[in-house]
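Chain A is already provided as a structure; the job is to place chain B on it using the hints.
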Amino acid sequence: MAAILGTVLDMRDVAREKNEADAAVAARVRKVDRDQRQTVGLPFVEEPRMICREVNVYYGDKHAIKNVSIDVGKNEVLAMIGPSGCGKSTFLRCLNRMNDTVAGCRVTGEIVLDDLDIYDRKVDVVPLRARVGMVFQKPNPFPKSIFDNVAYGPKIHGLAGSKSELRDIVEGSLKKAGLWNEVSDRLDQPGTGLSGGQQQRLCIARAIAVRPEVILMDEPCSALDPIATATVEDLITELKEQYTIVIVTHNMQQAARVSQRTAYFHLGDLVEVGSTDRIFTNPRHQLTEDYITGRFG
Amino acid sequence: MWCANTVKNMNRHTEDNSRFNEPDGMGATAKVQAGLAARYRKERRFRLFGLAAIAASLLFLVVLLGSIVAKGYTAFWQTQILLDIHFDPAVLDVNNLATANYAALVREATLRLFPQAASRQDQRALAKLVSTGVAYQVQEIVTSKPELIGSIIPIWVVADDEVDMFVKGYIPREVPENERRISDKQAAWIDQLAAAERLRQGFNATFFQAGDSREPELAGIRGAAMGSLFTLAVTLTLSFPIGVAAAVYLEEFAPKNRWTDLVEVNINNLAAIPSIVFGLLGLAVFLDFMHLPRSASLVGGLVLTLMTLPTVIIASRASLKSVPPSIREAALGIGASQVQTIVHHVLPLAMPGMMTGAIIGMARALGETAPLLMIGMVAFIVDIPHSFSDPATALPVQIYLWADSPERAFVERTSAAIMVLLLLLLAMNAAAVLLRNKFERRW
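These protein sequence lines are chains A and B, in that order.
If you're matching positions, the first sequence starts at 406 in this note's numbering and goes up one per residue.
If you're matching positions, the second sequence starts at 1084 in this note's numbering and goes up one per residue.
Worth flagging that the hints you see were computed from the coordinates, not collected in a lab.
Idealized CB from N, CA, C, for every residue including glycine.
Just to be clear, a hint being listed does not mean it is correct.
Cross-link-like lysine to any residue pairs, in silico, SDA-like; alpha carbons within 20 Å at most [said to hold, decoys possible]:
no., chain 1, residue 1, chain 2, residue 2
1, A, K549, B, A1337
2, A, K549, B, I1443
3, A, K560, B, V1422
4, A, K543, B, S1405
5, B, K1339, A, V507
6, A, K549, B, K1125
7, A, K543, B, V1406
8, A, K560, B, H1427
From the structure, some residues in chain A lie toward chain B, with a derived Cβ separation under 10 Å [stated by the list, open to error]:
no., residue
9, H562
10, I697
11, G699
Next comes chain A alone, as it looks inside the complex (with noise of 0.2 Å):
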């Protein structure tokens, strides 16, 4: 019990030989007890795009996130499942401070994008939000042209120059967003007008269009219908060779299909962490086990 345990001190740099040590522990030993909430797996990476230790978030008295600390790699998708209101999506919203918004909203510990510790003191939100974008729930274009939903971000960063910048700004980030060939000749048509599907790979559009280094998707996909879900998963794949992607999802099958290295929350608690295949083949804690297994959740 205390040599798994072991594993959540900071190892990163033997992460990838101890992988599939890992996995090989994994399959003998006994699963980790339900009452056990220590993270097991392997959170940390070699190669960190954000760094996050012992954060907590507090809804006024409510403790909503327990002492979580976790990597997220570079170009890697990472996905955080877990039941409803383990605290995924406000661990998530802690990324590019959004829990800044929700009064009485308190978070501690520590979170480094590259160099940047995002919870200092002096550092801005609005360039902070530039580096790591968001795509939500439920897609949410600016009651708009599909053009000034994407153009929108570059306008207030000040990214282009000129319009035809802008416009090549903006049909690059349709283009990657995969939805170039169905809006082309309608840029001008409002964005609301669009499917579900296609609003929320404007949405895609629109937070790629300010260039972020990380982007942080709140089950994107839960609003859509399966073969509009597909699309969007394509989509991440291909953006991971451009982006660090974290994607929070109810769908396990997304989680395996989508991401590498995945992160199981229960109650606040970081319960396991692994990569994708190990999480679903062998997971270590009990908790993942019931969960993946549909025991509750």
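Below, chain B alone, put in the same frame as chain A:
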């Protein structure tokens, strides 16, 4: 229809499901079936109550509007008399155009129509057939065309209000002579004028062009309408920006604590305070303390601003609240600052609601009388105001003043002014609906 179909379907179900009956012989479907009629009866009753409420309010509205229109529509016509006025060079001179005795010209013209009226008393009664304002009408004509001096020109002049009332049938002939304000002799003259086609009902342009007057036939709503316009202009330019700014601050920036709660409660209280209290406040602050001009539309506007601000703030806050949080998140999520989020996204989406609130506030301000009484806008003001500091009165105050006047002719003018006010209110509310539809965006 819909009910009947459903019942039919339910019946079919009951037959199909009869084999699932419970031991007590009464299946679930049967129980549903048994209560169904009562349920639908209740629904019908509920709908009927609503319908009855609507019908009652419509009835009252029709009665109210009907009585106003029935009393007031005649005010838009005015009896006129054709007089042959001799621009007598003995009375008129190019040099004395401002001081000449025009009334004498008019009197002379009436005498020429009825030479048989010999006694002074008769002559005075005869002169009373036309309005005292005709002298000014004649003066205007001569002043603009001095070349007319010496000629005899037929002119349609405004009849006296009593004549007007008599012709319109509001002064019945059956009443004994000493109980009506038109003598038998005057009645006879009026009949003769009518027979000679020297009497007509013309459009009452004076009503829309003149200010207030002691003479009903010379009184108009222009002065009051301009006063209302100036007052509303002040109210709108002050209350909309201030109200929106206050709402945006309270809704978007203010921390949620005891102080903001207190402010919110007070704003809601202010919205319910009787408007005359605002009038007293205006009297104390704007007139007694700041020494602003009495009876001025500027002060009226300030007082009505105080009165409409709570309405505007509450409506604006409600429409800010109704902007979906997803839009805010979307803007914040790509790095818009809070002010950018509000200015670029929240305000445009909330604008229709804010404008509706402002227009409804304006409509209330337009119909407000009590606070204006307190700051002296209730005065008898003949001149049409031309600036914010001119003494002025407002439409509802004018209605109040006319309703108080004893002359029979003011009764129809009161109703006519009410009709004009209602039309303005209708137009403003229609504008509110149009603006909302035009600027409303779906998301």
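Against which earlier hints does the structure fall short, listed by number upward? The structure breaks hints 1, 2, 6, 10, 11; every other hint is satisfied.
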